[in-house]
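> Sequence:
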Amino acid sequence: MFTKSNPAAATSQDQLIWKMLFDRQTALLHRRAVPAFWEGLTRLGFRRESIPDIRELSATVEAETGWQLAPVGRPFEPAAFFALLAERKFPIVTRIRSMQAFDFSPEPDLFHDLFGHVPMLLDEGLANFLHELGQAYVAQPAGSPAREQLWALYFFTAEFGMVQYDGKPHLYGAGLLSSAGEIHHCVNELTPRPAFDLATVLRTPVTGARYQNQYFMLPAWDQLTECVAELAGMLALG
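Heads up: the sequence shown begins at 794 in this note's numbering, then just goes up one per residue.
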């Protein structure tokens, strides 16, 4: 599998998986993804034909936003993850999923991170939200319940968040943007999509390695920024 930051190291199978995923997701996300995702995808010059070079992409992202991309071999614990966010660095897993995990990867991979997260980093509101989450997390002592709450907030926004846009539900979480199976589950009318409420989100258990039980819907994009101030007040009281 592809394990380097240079796309020349990718095998033909890796490139094929990228191309097939790119084609499937862009088709599924038509009229479903937030405009910021499409704007980021275009500004970064993502192409179906080849996996982006992470070093070159990082330089572009840094010039645009001040963020850097940090290649990692595999996903790691939340403490290390949030420490990078606090430094305006986003970890990129450098291996791509297998064909067996084509529709749903149980943990982040190259496609999830590059296609799902990186275009959204160009949205200033979301990028600032991630930075402030990282800072809040590292400020809490190890083992603090607040760290679990911050992980839940990240999970149900940056990974599996939805927002009302022009009166319709739109996707912005990377776990939705990068997974065909998750999209189909999310848009199923039987799947709960309650309105986003910070207190509820913070106490909702995170469920990994399977489709989510529910997806929280922001009534407006501005609420993502506003909830950080609300969260700071709750942590101060806690």
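One or more hints might be untrue.
Distance windows between CB atoms, simulated [as the list claims (entries may be wrong)]:
1) A873 <-> A992: 40 to 50 Å
2) R986 <-> E1023: 18 to 28 Å
3) R841 <-> P987: 27 to 37 Å
4) A932 <-> T804: 38 to 48 Å
5) T804 <-> E982: 18 to 28 Å
6) Q1016 <-> T819: 35 to 45 Å
7) P938 <-> R817: 33 to 43 Å
8) T1018 <-> S891: 17 to 27 Å
Below are the SDA-like pairs computed for lysine to any residue, each with C-alpha atoms no more than 25 Å apart in a straight line [to be verified]:
9) K812 <-> D846
10) K961 <-> E1019
11) K961 <-> Y1004
12) K882 <-> C1020
13) K961 <-> A932
14) K812 <-> P828
15) K882 <-> L809
16) K882 <-> L1017
17) K882 <-> R940
18) K812 <-> A932
19) K961 <-> R940
20) K882 <-> R824
21) K882 <-> Q893
22) K812 <-> R840
23) K812 <-> E870
24) K882 <-> A852
25) K882 <-> E941
26) K882 <-> M892
27) K882 <-> E870
28) K961 <-> Q928
29) K882 <-> L821
30) K961 <-> G918
31) K812 <-> A894
32) K961 <-> F922
33) K812 <-> G859
34) K961 <-> K882
35) K882 <-> H978
36) K961 <-> E941
37) K812 <-> S937
These are calculated hints, taken from the structure and not from any lab test. Just so it is clear, CB atoms sit at the ideal spot from N, CA and C, and this is done for glycine as well.
> Are the hints correct? Go through all of them and say.
Hint check:
Between A873 and A992 the beta carbons are some 27 Å apart, a value that contradicts the proposed interval 40 to 50 Å. The given range of 18 to 28 Å is respected by R986 and E1023, whose C-beta atoms sit roughly 21 Å from each other. A hinted range of 27 to 37 Å holds for the C-beta pair R841 and P987, which are about 35 Å apart. At about 42 Å, the CB distance of A932 to T804 agrees with the hint of 38 to 48 Å.
For the pair T804 and E982, the supplied restraint of 18 to 28 Å is violated, since their beta-carbon distance comes to about 40 Å. Evaluation of the 35 to 45 Å hint for Q1016 and T819 yields a failure: the beta carbon distance comes to about 27 Å. One distance hint, 33 to 43 Å for the beta-carbon pair P938 and R817, holds here, with the actual separation near 39 Å. Between T1018 and S891 the CB atoms are about 37 Å apart, so this pair departs from the stated range of 17 to 27 Å.
Proximity of K812 to D846 is assessed by CA-CA distance (about 15 Å); at most 25 Å being required, the pair is judged to hold. This hinted pair checks out: K961 and E1019 have alpha carbons roughly 21 Å apart, not beyond 25 Å. Taking the CA atoms of K961 and Y1004, the gap is about 22 Å. The hint holds against a cut of 25 Å. With a C-alpha separation of about 22 Å, the suggested pair K882 and C1020 falls inside the 25 Å cut-off, and the hint holds.
Between K961 and A932, the direct Cα distance comes to roughly 37 Å. Violation of the 25 Å bound is thereby established for this hinted pair. Restraint check: the Cα-Cα separation between K812 and P828 comes to about 22 Å, which is no more than 25 Å; the hinted pair holds. The hinted pair formed by K882 and L809 fails the criterion: a straight-line CA distance of about 28 Å is larger than 25 Å. With a C-alpha separation of about 20 Å, the suggested pairing of K882 with L1017 holds against the 25 Å cut-off.
For the hint pairing K882 with R940, the CA-to-CA distance comes to about 19 Å; that is within 25 Å, so the pair holds. Restraint check for K812 and A932: not satisfied, since their Cα atoms lie roughly 40 Å apart, outside the 25 Å limit. Using a Cα cut-off of 25 Å, the hinted pair K961 and R940 is violated, with the two alpha carbons roughly 32 Å apart. Distance restraint check for K882 and R824: the Cα-Cα separation of roughly 30 Å exceeds the 25 Å cut-off, and the hinted pair is therefore not satisfied.
Between the alpha carbons of K882 and Q893 the distance comes to roughly 30 Å, so the proposed pair goes past 25 Å and is violated. Proposed proximity of K812 and R840 is supported: the alpha carbons are some 8 Å apart, at most 25 Å. For the hint pairing K812 with E870, the CA-to-CA distance comes to about 29 Å; that exceeds 25 Å, so the pair is violated. Annotation: proposed proximity of K882 to A852 holds, straight-line Cα distance about 12 Å (limit 25 Å).
A distance of roughly 21 Å separates the Cα atoms of K882 and E941; the hinted pair therefore holds under the 25 Å criterion. With a CA separation close to 29 Å, the supplied pair K882 and M892 exceeds the 25 Å bound. Distance restraint check for K882 and E870: the Cα-Cα separation of roughly 15 Å lies within the 25 Å cut-off, and the hinted pair is therefore satisfied. Pair hint K961 plus Q928 does not hold up; C-alpha atoms about 32 Å apart against a cutoff of 25 Å.
Proposed proximity of K882 and L821 is contradicted: the alpha carbons are some 29 Å apart, above 25 Å. Using a Cα cut-off of 25 Å, the hinted pair K961 and G918 holds, with the two alpha carbons roughly 20 Å apart. Pair hint K812 plus A894 holds up; C-alpha atoms about 15 Å apart against a cutoff of 25 Å. Only pairs whose Cα atoms come within 25 Å are accepted, and K961 paired with F922 is accepted, the gap being roughly 23 Å.
Restraint check: the Cα-Cα separation between K812 and G859 comes to about 28 Å, which exceeds 25 Å; the hinted pair is violated. With a C-alpha separation of about 32 Å, the suggested pairing of K961 with K882 is violated against the 25 Å cut-off. For the hint pairing K882 with H978, the CA-to-CA distance comes to about 31 Å; that exceeds 25 Å, so the pair is violated. This hinted pair does not check out: K961 and E941 have alpha carbons roughly 31 Å apart, beyond 25 Å.
Between K812 and S937, the direct Cα distance comes to roughly 42 Å. Violation of the 25 Å bound is thereby established for this hinted pair.
Checked against the numbered hints above, the structure violates hints 1, 5, 6, 8, 13, 15, 18, 19, 20, 21, 23, 26, 28, 29, 33, 34, 35, 36 and 37; every other hint is satisfied.
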